[in-house]
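Produce the complete structure using the sequences and hints provided.
So you can see what is in the structure, the chains are spelled out below.
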Amino acid sequence: METPPINDLSISIATENGTGSASANNVLFKAIFKMGVPCSSKNMFPSNIQGLPTWYQIRASAEGYMARKDVIDVMVMFNDATAAKDIYRVRDGGIIIHDDSNPLASNLKRDGVQYFGVPANKLIQKIVPASPLRIKQRNMVYVGALAYLFGIDIETIKEVLQDTFGKKPAVIESNLVCIQAGFNHMKEKGYTQNIARLQTIPNGNKGKIITEGNTACALGAIFGGASVVSWYPITPSSSLAEAVEHYMPRLRKKDGKATYAIVQAEDEIAAASMIVGAGWAGVRAMTSTSGPGLSLMNESIGLAYFAEVPCVFFIIQRGGPSTGLPTRTQQADIQLMYYASHGDTRHLILIPHDMKSCFDMARRSFDFAERFQTPVFVMMDLDLGMNLWSSEPLKLEKEPFDRGKILTAEQIEQWEKQGKKFRRYFDFDGDGIPYRTLPGNPNRKAAYFTRGSGHDADARYSEDEKDYKETLDRLRKKFETARKYVPKPAVEKQEGVKTGIISFGSSYEPVREARDRLRASGLKTNHLLLRALPLTEETKEFLEAHEVIYLVEQNRDAQMASIVKDEWPELASKITSILVYDGLPLTTGEVVRQINQHRAGGRKGVQEWQEKKLIA
Amino acid sequence: METPPINDLSISIATENGTGSASANNVLFKAIFKMGVPCSSKNMFPSNIQGLPTWYQIRASAEGYMARKDVIDVMVMFNDATAAKDIYRVRDGGIIIHDDSNPLASNLKRDGVQYFGVPANKLIQKIVPASPLRIKQRNMVYVGALAYLFGIDIETIKEVLQDTFGKKPAVIESNLVCIQAGFNHMKEKGYTQNIARLQTIPNGNKGKIITEGNTACALGAIFGGASVVSWYPITPSSSLAEAVEHYMPRLRKKDGKATYAIVQAEDEIAAASMIVGAGWAGVRAMTSTSGPGLSLMNESIGLAYFAEVPCVFFIIQRGGPSTGLPTRTQQADIQLMYYASHGDTRHLILIPHDMKSCFDMARRSFDFAERFQTPVFVMMDLDLGMNLWSSEPLKLEKEPFDRGKILTAEQIEQWEKQGKKFRRYFDFDGDGIPYRTLPGNPNRKAAYFTRGSGHDADARYSEDEKDYKETLDRLRKKFETARKYVPKPAVEKQEGVKTGIISFGSSYEPVREARDRLRASGLKTNHLLLRALPLTEETKEFLEAHEVIYLVEQNRDAQMASIVKDEWPELASKITSILVYDGLPLTTGEVVRQINQHRAGGRKGVQEWQEKKLIA
Amino acid sequence: MAGEKVNRINLKEKDYEGAPSTMCRGCGHDAISASVMRAFFESSIDPRKVIKLSGIGCSSKTPAYFLSQSFGFNAVHGRMSAVATGTNIANHSLMPIGVSGDGDTAAIGLGNFCHMMRRNVNITYIVENNGVYGLTKGQFSATADKGSVMKGGKINDNPALDICELGIILGATYVARSFSGDRKQLSPLIQGALAHKGSAILDVISPCVTFNNHEGSTKSMKYVKEHLDPIHDIDFIPHYENIEVDYKEGTDQPVELHDGSRIVLHKLGKSYDPTSRMHAMQAIHAAVAEGKFLTGLIYYDPNRAEFAEEMNLCETPLAELDQDVLQPPAEMLDRINAELMK
Amino acid sequence: MAGEKVNRINLKEKDYEGAPSTMCRGCGHDAISASVMRAFFESSIDPRKVIKLSGIGCSSKTPAYFLSQSFGFNAVHGRMSAVATGTNIANHSLMPIGVSGDGDTAAIGLGNFCHMMRRNVNITYIVENNGVYGLTKGQFSATADKGSVMKGGKINDNPALDICELGIILGATYVARSFSGDRKQLSPLIQGALAHKGSAILDVISPCVTFNNHEGSTKSMKYVKEHLDPIHDIDFIPHYENIEVDYKEGTDQPVELHDGSRIVLHKLGKSYDPTSRMHAMQAIHAAVAEGKFLTGLIYYDPNRAEFAEEMNLCETPLAELDQDVLQPPAEMLDRINAELMK
Ligand SMILES: Cc1ncc(C[n+]2csc(CCOP(=O)(O)OP(=O)(O)O)c2C)c(N)n1
Ligand SMILES: Cc1ncc(C[n+]2csc(CCOP(=O)(O)OP(=O)(O)O)c2C)c(N)n1
Ligand code: SF4
Ligand code: SF4
Ligand SMILES: [Mg+2]
Ligand SMILES: [Mg+2]
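Residue numbers (numbering that gives the first Met the number 0), protein chains in the order written: chain A, 0 to 615; chain B, 0 to 615; chain C, 0 to 341; chain D, 0 to 341.
These are calculated hints, taken from the structure and not from any lab test. Since the model is a prediction, treat every value here as computed from it, not as a measurement. Even glycine gets a Cβ: it sits at the ideal position worked out from N, Cα and C. Misleading hints may appear alongside valid ones.
Computed footprint of chain D on chain B; a stretch qualifies when at least three of its residues, placed anywhere within it, have a C-beta under 8 Å from a C-beta of chain D [said to hold, decoys possible]: (1) 47–57; (2) 231–237.
Dumping the calculated DSS-like pairs for lysine-lysine here, alpha-carbon to alpha-carbon at most 25 Å [stated by the list, open to error]: (3) A/419 - A/444; (4) D/341 - A/166; (5) C/153 - A/167; (6) B/465 - A/84; (7) A/394 - D/341; (8) A/487 - A/573; (9) A/188 - A/121; (10) C/145 - D/196; (11) C/153 - A/253; (12) B/253 - C/196; (13) A/108 - A/188; (14) B/420 - C/13; (15) C/183 - C/11; (16) C/48 - B/420; (17) C/4 - B/444; (18) B/252 - B/394; (19) A/397 - A/487; (20) C/269 - C/196; (21) A/167 - C/136; (22) C/247 - C/269; (23) A/468 - B/84; (24) B/420 - B/476; (25) B/84 - A/465; (26) C/11 - B/444; (27) C/341 - B/157; (28) A/444 - D/13; (29) D/145 - B/256; (30) C/341 - B/205.
Quick look at the structure:
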């Protein structure tokens, strides 16, 4: 019997939410991580609190691929409601683990897979004292079963329990008993499998952290000096604001007093209006929301754009339109962010793709907002924001805040000595960025009247057509200036390669793996990682340098492609969109599948294919 | 002395708002119209109620051009606040009419123009009894003065007064006295001028109506069966809702009871939500708003899109972003309408360009909304909506309402006999359009549960990835189906002509005149009038058929061009955008100027020029 | 057997049922749904004449769990009141029942809610009031008591907004409060609301078993607390029983919530006259002063016309009018054209 | 001469002036601006310590017409209360004065307005209440009296929303009403509001000379009416005088508006105790019952802490903190990294 692959495994755990599986899954994932095995997890949870199906998919990958694996090797079938479908989610030759306290229903039998039963229910009756908590412990049983089958040693699991519940020995105990029971049961039955084994890699994950993008953003914002945070709860953005609430008290107290203010607003319009007020008053202000909130914030965003007030919007994208799928992932709010609000508006967008860039861009977003005196978006999605990602530790670049062009009372005086007078909306430097003063500035010439209505360079009310056009042109010029400042795309390029792939955000990881697979199958590709809007020269050059460009995005309407077309139509016609929008974290396989499909059909085939796809 | 040009004249009347000039201007305009002379007027009013500058520009054009004329022949200088600027708005050789009750200030003198004084203030002291009304009558004096100078005979004016104030003889009297006084004064002084004369054209305007686009839309909506109207006041859209309020009682009563309901909502979010509720309940529902309201409506629009509820949004565009210039015109909400709300959304937009199309499209908009079970936008702008346009009479096409796919109780029964069961969101016909039932349908199988969250073909709550993707794909397919239904562009085409112009909405009239001027100067152009989104094949063919295409739009960011680029990037790269966005009604001259500028620079020059323009 | 019992229109109780609930076990919202079904059954209302409306939240999901033969519209967050206003004038012959939450109604939806009541739009509007945002995992809502403690220890420092007080001063014409577990009081109150033409507001205290967590909680369910792991406790929800109460008019009823905290209900007595605004306000204030929740029909105005009536709409619902009624004759347009020629 | 008179901080009255007004002549809003300037002058407040806020409307334009040395923010329609909440926590050392209208506050802004008061955000919030949307040409607002007639003859059939009543039940801590022309009463009330820490709501009746048009109007200004042409009468606005009143505490004052209609003001007496919620509500109801507007300081709560205080903010305004305070040391991040490794 040949030796099984090492550390290459995907496990999907199907349970009902509210039954306590999350902590079991967490223990399992952390244990694999502690073994030093590169691993990732994707949590596919429902939009309610208790009683609906939820899946937790863990991937162990010797090569260190973090994307959701497209095949499932092992299915933990602990939810009767979805069992009939779940048995077909596992690959041929895969394994199904089920609770055989009762015999397996006939409709849950299929060929080509191995069934392992573990009588979790029966076991907990014995070992867990009667209490509402019992069902919860049932989940720990499959942890033990998996540990035995794939070789996670109990010691590692103990360490994880220690790390997590250190302060609650009772919890450690009761969990361990159940894990042990699952482990022993498999052992006694002498179950074996040969599809994969997990093997400790010494120092494999040494120095690595595990966190969610929302946490990384929250920390970045705090270290970036965010001082007013106003938000309204909405999945999947709440956990960002709540992480800020969690860390602020430790990080931002001054002799017992807060150097920050967090407001749970009454709605998103209020949240946005509050940070516009706060940004105008001179603090670094932020909010976090998702699609529906973004729609509601449109008017306030336009006010910030036209009155030139710095503020930061963290947008954690979820399945739209409307309420859509609140607990599923998507990248379909791109155009709404970029063109947000009525009238001629264009906005700056930062696009993180991993934990480090979440932290760094969150921190820098306030520099951009203040430098350009405009709303700045940090574009996230549920996969990046709410799933666990392993990463190098977050690092604080020691650099001064860029507060942009703020004039103090003294500076105004000096200006006057030079015969120069403060004019709020005058383009002194020819870059479209005016100077601002902050309320409370004691200089009698510092005050100005801000408005969302027409104004002249001195912030006076004006309906004059020249004043109006000048303002619009300067705002556009400011936007053009920003192109030189925003983070440049990261390009991986080999001479002579004619196929390019463009990706951004949470698509980066699956695309990275897809490129390896394509290379293996004979297709070399270059890659450009978009990290910000507006687009920059690098992207233009990348388009010029390749014959076919695949632009991968997680939406239906090729929204990013549309923005590229707007900039360089003649080049953009080379683009073939890879569109995935089923709400699940993007898989490598889907990217590869679509790219191969195009190549099969050739360029024309591609168009047909896209046509078909759009209306398929 | 050579004879002056006949019926080719532009008069700009500068006054202060709230002083009663509007009725004087109205009398003057109507009088010229009654003479049979083709004429148009543009009202440039401030965003307050009393005391700010306002200009009323009348154009008489023998050739029947209705666009704002780029040169002003006569300036009625009745507002001291703007006089210093106004004297330079009039062309060299033009005429300035001023109130010489007091001597003309030296800073108001300039060369190259004729000054005619009329002591309006002094005159009204004599002829109008003391009352707050006196100042108002002062305006009638310049009406008389102009009548004398350009040959409007007093009889015609009397008729107009009769038409307008028929029920108030006192008003007719008091106005006439002042007009006469102005007339006589010029006569006594023996003033003459030679720049233009107005001459009666028998039956010139016979059978023509004068109205505003908002009125035409209101009538169209009423005749289209609009039954629930919910709106929140905002310039320049209020007059549309108010016209509906004005006409409904006459047109839509059934034995004393209303067959309609009009609600002045508490805000735009409520207005939009109300019509979504009403559309779902089965009536033809509409709202009207402008930029800020559109921004606020984004969430409800997304709900209507995803839950597939018919409703109509009249968007009267004004100067943005934010509060911007509420009383100035623009076409800068195009992208926000087309992509409104978060997630993957695309919307149907109808684009009227004259009074007839305002009426027809407003009426048809409900057919499209119900046929496609989706929000429909009617894209207007302030120039089209609030200025007076002369037009052929509005005509009611006798055609049945298209209520789309609505199933009655009986139909459901029949279906069942055929073994077919009603499924709210199932694509029975392969066109992406499902069948719907209306609340109150007595068939026990008729009811369904509507939601903005994920659902399956039977309107059941679903988070399943296949259900979700199927819904998104069907919605896109429905949108593609709509391409075959929406109004096609109107194309004026000559073989062999290589230059094309694309325009839409209020740009049509200036472009029509611009094409004549360009032809005169040797450039033949073909023209395509966009009348709806999504774009259709005709536009593609037009792009293919021409070497250079000028796309005229009244915004900064070439928003319509961006949508064209999104459809056909390789063709769109031929487009050169003509962008005008100073908030004033588009002039022929500006269109011609920009086109010639491009041709001078050639294709390359064009790009540079646009670059410059964007960041100028 | 309930299954056999039929009402005046020959429908069984199960004819008023809906899809299976997805609420947490023991959630007050399910108890309210039960009272809603009971009320419709008792009042013998034809489900096909009813429309169900809601916003977004756990509470707003519940209309899917009763009256499956009725049309339903689960709108967006906070907009049920505006959507209801629209459906109401579009078809005034339908009977609207709306279910919302304290977040949906008193936070994002507050403005629209107030204006709906000002217009006295005809609706039975139930606020399933648990003081938290359940669906987004337990943040405070505007009706949370000042000083109450959230899972995680955060303390609420804003005063609670009183839905009934608001209803009374804004023009609602039927204002009542009850408790989710008091079916004997609640379902008649709902029947009354359904019979009433105008805005009938029911503020129903409905404990959230998962996130309601007042200081009392430390005292309660010791064992569970100790053994719940701190990070993931929201991931596990013990199976609670619905709390039922049954007490006399004019009396107090202390209620122990799932987390061990206590509230006191006071049921209005027979003598109480609900037709005076000032009395109603005073009664509420008095109860609050004693730390009690007043329950029962607190305010009632039988005289004010509902919105659709104020609009002077024709008998036939607008939604049922045909083109021949909706489209004026062409001659009318000609007449208007003539006017526009002057 | 006023010009020479200086206050405690050596500023002249003209140091409190702003740009020329663009209101209609005789508009109540201008009279209120005058009282605002007077109040700031009398209280000797440094304009550089003040921020002016507003929404959208004629009323909301007025902050440009006073205190030109103060920073100002004319926000979007209905959002002043939320913007003010943000500015307040960003820099609690500034003194915010907000001017809004009845449309801005009671229609589109109602929800945010209520929540601002619930939080007791520190602000002097003036509602220039004319019962109409002035800037959009005279539609009814939510504070228009039921039954009042609009230019064009439309009749309002919704009850008027009472800003003061709302303020009292939602937690505002200083609630007063006055009349634009009553400078003697108004400017001290404003001074009191400026001195108060918390949400101070002033509901100031401020006649719109152009669009206020109650039934009384037929009786009034006969000559003008007859000679105004029907279509364009909004295009002409006769020059009205501002209506001034001056009357004793505890007495009534009938006021004839520009269009001939009449309202009756009743000024609270010295004996009145504003610190009881219930009394305040009763006083308002009593006056309404007699068809009068109660004026004066109706409710006052000196004890409740303002929002910024509840937030436990540091002395230095957040807006004045530097990077060394705002950015935690790198070691803190290392510690967190360590935690995230478990
Ligand atoms: C515009 C918008 N903002 C935020 C959300 C997220 N959200 C969903 S439910 C909810 C609050 C629900 O609270 P409540 O109305 O009290 O209902 P409960 O769950 O407590 O019954 C929120 C904020 C949303 N769906 N839409
Ligand atoms: C979002 C939005 N909707 C509508 C408008 C149009 N609008 C401007 S002012 C106003 C109402 C003003 O009424 P009020 O607040 O009472 O002020 P007043 O003019 O009466 O002093 C409206 C509806 C707007 N500017 N923004
Ligand atoms: S979270 Fe609370 S409100 Fe929501 S279903 Fe569970 S118990 Fe009910
Ligand atoms: S319209 Fe009314 S509110 Fe506005 S400025 Fe004129 S008088 Fe004042
Ligand atoms: Mg709740
Ligand atoms: Mg007003």
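Just pull the numbers of the violated hints for me, sorted ascending. Violated hints: none; all satisfied.
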